[in-house]
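Colleague: Sequences listed follow chains P and Z, in order. Number 175 in our numbering belongs to position 175 of the first sequence; there are no gaps in the numbering. For our numbering, add 1000 to where a residue sits in the second sequence, where the first one is 1.
These aren't lab readings, by the way, just hints derived from the structure by calculation. Since this is a predicted model, take the numbers as computed values, not measurements. Glycine included, every Cβ here is placed at the ideal spot set by N, Cα and C. Heads up, some of the hints might be wrong.
Straight-line alpha carbon distances no greater than 20 Å define the calculated DMTMM-like cross-link-like pairs of lysine to aspartate or glutamate that follow [what the hints assert, rightly or not]:
{"id": "1", "chain 1": "Z", "residue 1": "K1269", "chain 2": "Z", "residue 2": "E1254"}
{"id": "2", "chain 1": "Z", "residue 1": "K1381", "chain 2": "P", "residue 2": "E266"}
{"id": "3", "chain 1": "Z", "residue 1": "K1490", "chain 2": "Z", "residue 2": "E1279"}
{"id": "4", "chain 1": "Z", "residue 1": "K1372", "chain 2": "P", "residue 2": "E266"}
{"id": "5", "chain 1": "Z", "residue 1": "K1037", "chain 2": "Z", "residue 2": "D1026"}
{"id": "6", "chain 1": "Z", "residue 1": "K1269", "chain 2": "Z", "residue 2": "E1251"}
Label-pair ranges, simulated between beta-carbon atoms [stated by the list, open to error]:
{"id": "7", "chain 1": "P", "residue 1": "A175", "chain 2": "Z", "residue 2": "P1076", "range": "42 to 52 Å"}
{"id": "8", "chain 1": "Z", "residue 1": "A1032", "chain 2": "P", "residue 2": "A175", "range": "38 to 48 Å"}
{"id": "9", "chain 1": "P", "residue 1": "S100", "chain 2": "Z", "residue 2": "A1377", "range": "20 to 30 Å"}
{"id": "10", "chain 1": "P", "residue 1": "S100", "chain 2": "Z", "residue 2": "T1476", "range": "56 to 66 Å"}
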Amino acid sequence: MRSRLLRRPNAKIGAVLIAVMLVAAVFGVMYTPYDPIINNLHARLVAPSGQHWLGTDEWGRDVFSRLLNGASVSVFVSFSTVLVSVAIGALVGALTGYFSGWPSRFVMLFIDALLAFPSLIMALGVIAVFGASSTGVIIALSLTYIPAVARVVRANVLSLREKEYVEASRVMGNAELYTMLRHALPNAVAPIIVLATALFGWALLAESALSFLGLGVPPPASSWGGMLADSRNYVEQAPWLAIAPGLAISLSLLGVNLFGDALRDEFDPHMKNLV
Amino acid sequence: MAAVTLPSASSSKSVNDAVLAIEHLDIGLRTADGETKRIVVDANFSIAPGETLALVGESGSGKTMLARAILRLLPPNIRVLNGAIRYAGDDLAHLDAARLRALRGNAIGMVFQEPMVSLNPALRIGVQMTEALRLHRGLRYDDARKRCLDLLERVRIADPVACLNAYPHQFSGGMRQRIMLASTLAMQPKLLIADEPTTALDAIVRKEVMDIMAQLTREMGTAVLLVSHDLGMVARYAQRVVVLCRGETMETGETRHVIADPQHEYTRKLLASLPARVERARPAPDGAALVEIRDLDVDFGKPSSLLAFWRKRETFRAVRGANLDLHVGETLAVVGESGSGKTTIGRALVRLVRESGGSIRFEGRDITACSKRDLEAYRLKSQMVFQDPYSSLDPRMRLVDIVAEGLRRMPDLSKQARRARASAMLAEVGLPGDFVERFPHELSGGQRQRVCIARAIVAGPCFLVADEAVSALDVTVQKQVLALLEGLQKKFGFAYLFITHDLGVVEQIADRVAVIYRGRILEIGPRDAIFGDARHPYTLRLLQATPRIRRIEGGAGYRLEQHASRAQPPPAGYVYFNHGSIPDQALSEGEPVMLAVGPNHYAACAASAAPTNKESS
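Hey, can you work out the whole structure from these sequences and the hints?
Modeller: Listed below in structure tokens is the structure:
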């Protein structure tokens, strides 16, 4: 399947962009040309050059190094968010989809109520409780995405529950939980993967938005959203300050979305056989 | 039993007189690899005015694509390669789009298989029915409406005026198909293409719709192209037949002759695959039953609103007071139309649904109220084979694992032993060797059903519930699977509760038959008694609605047989439901009683009328 997937041009572009982002994230942790945090007031607002590929900011910090460092923060936060929300959301969705009855309905009522809140507003509230840190952002974003995952998984498990092979397993005398984990949930994996890819993109964007508002990873640690926010005062003198993180966010998101779309087309049986 | 004579085909069959002539038609499918595969090869036939010609074949024979090609209703990757479709001097295969559109729904009408989706649910019947008349004939709404009312009356819709103002969801499948027929025939088309028009309908409704269609097209002189897989129906309604197999024409001729004296090997195979009654030497059931179902009621709750945790649910009673015995090693068929509750009885038996009342005893133990351990033991003794071979196997598992899972609840079996027994069982059902490591999507429908059977019997059950287990299969495959089921029964000695709507299959394999309607068992008895001496009027209607093709004694050919109707009117007192919605008044006199009408043969009868009817029947 992988080779077929990568035959799609969109998937190729997406995969390359994602790979660049992941490499940047690794370098952000392992090695950066300059220290991304320490100020160097002798080299403030230096334009891009051979020494500073993407210039420096108002504190004299190398923008390229900060970009790499920001990539690792963004990827870590987004990835953790996806992991947490998919794990919890899939479990809640599978349980409420497979087992009917009032406890299920009660949980879904709660999930629907969560879904009704605008996600950023809710994230703001959660961060107000947990404080502005990467953990706070992960918890906040996970809480906003769990309902979406739960809904999608529940819808899939609801229809899978009626499949005759699930009934066959019940007739064999297998326990309900076994049947759910063995036959129902694994057959819902394809939509979960597609959704997880989309979630990664959303989380990336939301993390940047929160950092832009000063609610993400606290300074002086770098983050793309925070860099974008700091650049506002110097847009005319030092446009590279805005362009570099802006492009990083856009291209990463583009990559994730292109790849996600290709993945969805690959999994969606309705699109498959169209010549 | 009486042979039915068909109206002979019109003598003038020259191509010039024909309404439609297909000449050397090839239809190709463009695959994803860019290659073109021919799915219809060199088709040749013509239809005379007023004639009904049937395209018969199994799935994948190309019959539907051939019919759809006439109005160019083909999917984008399928197209006509060669040949001509002659209609009134034009070649429809190469006609420009505008002129083809003028013919569609006008001179050539079409009725589709699925009555549930072929009417637009958002529009009133009147708007849809008058659409074609206004478009093609330029009639004003009032005139179009008059014409529609006339047609609705002719397809025997009870209240045509109300019908025009109603929405499709207010009608049953049979009614919708009649409405489709009326709206298509309102245009007085020269040709009607009917693609499996009654496949989705129950036997009695099917006969009603087909009778109306045959009568109206005869009156109007409309030629009919009937696409069907059902040889019995074709034999009853079509004058001529084209037998297709994998896109190639096997045989063409008058239906009567083709059936009486099939020329092609494939036609003979098709006819030989039809279920037929074979004598079975089975001892009459005696002694204690394996399973005893007593006064079984099953209710279903209608879905209530999300917030109403506390509200009592409305219920629908799917099974009412059913009494059934299943004996060791016998095959008991439960026959009924969709919604009759036959499936629910089977599902209650394997504990997929809970009963609301009554009891189910297995070897004397009531399994509706037993310990968890007893229930687990019972699960190993009862198994089920499902209808749809495409959704009854987990697509991610290998065949050996699917079958081995049936042994998971068996105590003291290693994984190795389970896999070994699963492989042996797969070989037993005709899937030997490297089949074990394959995935379900690599198998055909018949092979999948074999896997389902292997999974069901691997743990050595005492009985199997087979819920329409062969209904989704083509007749030739169906024959093989039925033979397998019978062979396994002989070898392992389990009993079948065979749930089906197909009387032909029942006649072939059942020892006893129970007829169920609206949750009530109306008649139960030995197979020969039900088919030869049915007492309940509903059973009789069911038998009469099912056309059967039988081998001529001592010959190679076949003929169409119709169940002889009883000379006398049905005796009063039998609990009988009119086929509309009004239950017979007998029901208002209380619960029916099962009246003994022969050895082991019982029919439902109103309690008040029971004693007097004993002699009259």
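Colleague: Please go over all the hints and tell whether each is borne out by the structure.
Modeller: Comparing the hints with the structure gives:
no., hint, result
1, Z:K1269 x Z:E1254, "holds (18 Å)"
2, Z:K1381 x P:E266, "violated (42 Å)"
3, Z:K1490 x Z:E1279, "holds (15 Å)"
4, Z:K1372 x P:E266, "violated (44 Å)"
5, Z:K1037 x Z:D1026, "holds (10 Å)"
6, Z:K1269 x Z:E1251, "holds (12 Å)"
7, P:A175 x Z:P1076: 42 to 52 Å, "holds (47 Å)"
8, Z:A1032 x P:A175: 38 to 48 Å, "holds (42 Å)"
9, P:S100 x Z:A1377: 20 to 30 Å, "holds (27 Å)"
10, P:S100 x Z:T1476: 56 to 66 Å, "violated (41 Å)"
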